[in-house]
Amino acid sequence: MAQPARAKALERFASEPSVRVLLLSLRAGGVGLNLVAAQTVYLLDPWWNPGVEEQAIDRVHRIGQSHAVRVKRFLMQHTVEDRILQLHAKKTALVKGALDARDPSDYKERATRLEDLKFMFS
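In the numbering used here, each residue carries its 1-based index in the sequence shown increased by 1111.
Everything labelled a hint here was simulated from the structure, so no lab data went into it.
Computed from a predicted model, the values in this text were never measured in an experiment.
For every residue, glycine included, the Cβ atom is placed at its ideal position computed from N, Cα and C.
Each hint should be verified, as a subset may be incorrect.
[Said to hold, decoys possible] Taking CB as the label site, the calculated pair distances span:
hint, residue 1, residue 2, range
1, Gly1208, Ser1129, 43 to 51 Å
2, Arg1138, Gln1197, 20 to 28 Å
3, Ser1126, Arg1181, 16 to 24 Å
4, Asn1160, Lys1229, 17 to 25 Å
5, Ala1204, Leu1228, 17 to 25 Å
6, Lys1201, Tyr1153, 40 to 48 Å
7, Ala1204, Ala1116, 27 to 35 Å
Put together the whole structure using the sequences plus the hints.
If you want it as structure tokens, here you go:
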């Protein structure tokens, strides 16, 4: 979508109560947008990096939001997407462990990108 059309769609979503749905890719929804007019985020496919999803959710859940924000994820079990979410959990735990570690030498990388890919497709 061209930038002028995108800006118009975002303005309509923010200002017109009759416009109740805004479809965005994670890339478009995660960069420089204020979407406090929204109340629900639906995630249809996981991104490799959990931070990309968190950024997109944060566009709705930010200062100025006057409603509770709901996040709903659609996922089929036993699929590549399901495995990506398992990797998200591992990566989040790894980062949390690194940030909580008292000694930087306690940080151990548990999986490389190649191992992650093998896990997803095995």
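Here is how each hint holds up against the structure:
Here the CB-CB span from Gly1208 to Ser1129 is close to 47 Å, well matched to the stated 43 to 51 Å. One distance hint, 20 to 28 Å for the beta-carbon pair Arg1138 and Gln1197, holds here, with the actual separation near 23 Å. Look at Ser1126 against Arg1181: about 22 Å separates their beta carbons, and that is inside 16 to 24 Å. Between Asn1160 and Lys1229 the CB atoms are about 18 Å apart, so this pair conforms to the stated range of 17 to 25 Å.
Roughly 19 Å separates the CB atoms of Ala1204 and Leu1228, a value that falls within the hinted 17 to 25 Å. Against the hinted window of 40 to 48 Å, the Cβ-Cβ separation of Lys1201 and Tyr1153 comes to about 24 Å, which falls outside the hint. The supplied range of 27 to 35 Å is broken by Ala1204 and Ala1116, whose beta-carbon atoms lie about 41 Å from each other.
Consistency with the previously given hints fails for numbers 6, 7, ordered from lowest to highest.
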